[in-house]
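Put chain X on the given structure of chain R with help from the hints.
Protein sequence lines, in the order shown, are assigned to chains R and X. Per this note's numbering, residue 8 is the first one in the first sequence, and the count goes up by one each step. Per this note's numbering, residue 6 is the first one in the second sequence, and the count goes up by one each step.
One or more hints might be untrue.
[Stated by the list, open to error] With a straight-line cut-off of 35 Å between C-alpha atoms, the simulated DSBU-like cross-links for lysine-lysine are:
no., chain 1, residue 1, chain 2, residue 2
1, X, K128, X, K144
2, R, K90, X, K144
3, R, K87, X, K144
4, X, K144, X, K24
5, R, K21, X, K144
6, X, K24, X, K128
7, R, K90, R, K21
8, X, K24, R, K87
9, R, K87, R, K21
[Unchecked claim] Non-contacting residues of chain X with respect to chain R, defined by C-beta distances greater than 12 Å in every case (computed):
no., residue
10, A28
11, D34
12, E55
13, P56
14, A73
15, L76
16, A85
17, D102
18, R104
19, R134
20, Y156
21, L158
Derived by calculation from the structure, the hints in this document are not laboratory data. By construction, the Cβ of each residue, glycine as well, lies at the ideal position given by its N, Cα and C atoms.
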Amino acid sequence: MTTVAELPAGFADKVLSAQSTFRSVMDAMARPGSVRRIQSGAGTPAAMMRGSAAIALTLFDHDTPIWLDPAMSETSDVSKWLKFHTSAPVIADSSIASFALIGDPAHLPPLDRFAFGSNEYPDRSTTLILQVDSLTQGTVFELRGPGIDGMATLRAEIQPHDLFERLAVNSALFPRGIDVVLVHDDAIVAIPRTTRLVAKGD
Amino acid sequence: MIASDENQKDESAGQAQRKAVMAVLAHADAAEISGRLGTIALPVHENLREPENGLVMVRGRVGGDGAAFNLGEATVSRAAVRLSTGEVGFGYTLGRDGRKAEMIALCDAMVQSAEFAEIVEAKVVAPLRAAMTAERNRKAAEAAATRVDFYTLVRGEG
Numbered sequence: 008m009t010t011v012a013e014l015p016a017g018f019a020d021k022v023l024s025a026q027s028t029f030r031s032v033m034d035a036m037a038r039p040g041s042v043r044r045i046q047s048g049a050g051t052p053a054a055m056m057r058g059s060a061a062i063a064l065t066l067f068d069h070d071t072p073i074w075l076d077p078a079m080s081e082t083s084d085v086s087k088w089l090k091f092h093t094s095a096p097v098i099a100d101s102s103i104a105s106f107a108l109i110g111d112p113a114h115l116p117p118l119d120r121f122a123f124g125s126n127e128y129p130d131r132s133t134t135l136i137l138q139v140d141s142l143t144q145g146t147v148f149e150l151r152g153p154g155i156d157g158m159a160t161l162r163a164e165i166q167p168h169d170l171f172e173r174l175a176v177n178s179a180l181f182p183r184g185i186d187v188v189l190v191h192d193d194a195i196v197a198i199p200r201t202t203r204l205v206a207k208g209d
Numbered sequence: 006m007i008a009s010d011e012n013q014k015d016e017s018a019g020q021a022q023r024k025a026v027m028a029v030l031a032h033a034d035a036a037e038i039s040g041r042l043g044t045i046a047l048p049v050h051e052n053l054r055e056p057e058n059g060l061v062m063v064r065g066r067v068g069g070d071g072a073a074f075n076l077g078e079a080t081v082s083r084a085a086v087r088l089s090t091g092e093v094g095f096g097y098t099l100g101r102d103g104r105k106a107e108m109i110a111l112c113d114a115m116v117q118s119a120e121f122a123e124i125v126e127a128k129v130v131a132p133l134r135a136a137m138t139a140e141r142n143r144k145a146a147e148a149a150a151t152r153v154d155f156y157t158l159v160r161g162e163g
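Looking at chain R on its own, in the form it has when it is part of the complex (with noise of 0.2 Å):
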């Protein structure tokens, strides 16, 4: 009973909510290397940001294995919240799973660890939560693709500092490919897998 106390709540106002943090979500993955914010008001575990868990409430359901790397499942916090509001399994095999909740993306695993999906179906991949240091301030990135007219350019703090260069095995798997969502407090940035980094720099 003790461990069910300690939970925060879910979405206050469940259909809005959801339905606000999908648009938000949608717009980042159409317009890749903008940032969106969402407006939610959830509960959060303490391992979650504000984003990272508007997106668990709103994409996870029981069809949705999730991963969790070791920051976010230190304690059972996470992995019970999920469980609570969501119904989705969290398993150990990363590679089986529909999402990967990252809290120390420092020491991600190497992407081949993750879905890339089949040739048939693309879409049963591996989607990367990142929770990064900021979405406003760090390294310049200039991003180029579908959804980018021109050039994007996005400032932020990302780790691991090779992100970029280990999503470049999007171009050669496509139409496979692993999409990564990056979370900093309640903004949000999508890089699915037909964006390329084009420039770094500070």
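Okay, now just chain X, sitting in the frame of chain R:
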């Protein structure tokens, strides 16, 4: 060891009580529950899970012990409430009345708290239980009045 046994006993006693409360409230009328809840001072609480509707598969067994089969789906509402003191109550009820599920969850949480358990039992659950028992007895008596006993006379030549 003994202590843990006792804890377990406490737990199951508490669960039996919650079960009994749930059995009454799930069948009670939403208006009546809210009327009775209105007569007591409610503790500060928050919704852990907002009331929501869903479907559950109702399963049955032929003769009570045969193989399980799916009887059909039923609409249920559920909610979870947490008191400021930490007790968490769950409410499940047939139908789409989310407000009722919320009230049941609140009662369930209050039943677990030492401070409110007695007053909820006295002011909410007991009257509802009495009304339910009376209604059940009335129906049983009504049915009993028209009861026909069938019996077979033993015939002499056997």
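Now the hints, each set against the structure:
1. X:K128 to X:K144: holds, 25 Å
2. R:K90 to X:K144: violated, 43 Å
3. R:K87 to X:K144: violated, 45 Å
4. X:K144 to X:K24: holds, 24 Å
5. R:K21 to X:K144: Judged against 35 Å, a Cα distance of about 42 Å means the pair is violated.
6. X:K24 to X:K128: holds, 18 Å
7. R:K90 to R:K21: Answer holds: K90 (chain R) to K21 (chain R) is near 16 Å, not above 35 Å.
8. X:K24 to R:K87: holds, 24 Å
9. R:K87 to R:K21: holds, 19 Å
10. A28: Holds, because the least Cβ-Cβ distance between A28 (chain X) and chain R comes to about 20 Å, which exceeds 12 Å.
11. D34: Fine: 26 Å to the nearest Cβ keeps D34 (chain X) off the interface.
12. E55: About 5 Å separates E55 (chain X) from the closest Cβ of chain R, which leaves it inside 12 Å; violated.
13. P56: At about 9 Å from chain R, P56 (chain X) fails to clear the 12 Å cut-off, so the statement is violated.
14. A73: holds, 21 Å
15. L76: Nearest chain R Cβ is 22 Å from L76 (chain X), so the label holds.
16. A85: Violated: least Cβ distance 8 Å, not greater than 12 Å.
17. D102: D102 (chain X) clear of chain R: closest Cβ-Cβ about 17 Å, beyond 12 Å.
18. R104: Fine: 15 Å to the nearest Cβ keeps R104 (chain X) off the interface.
19. R134: holds, 24 Å
20. Y156: At about 53 Å from chain R, Y156 (chain X) clears the 12 Å cut-off, so the statement holds.
21. L158: Holds, because the least Cβ-Cβ distance between L158 (chain X) and chain R comes to about 61 Å, which exceeds 12 Å.
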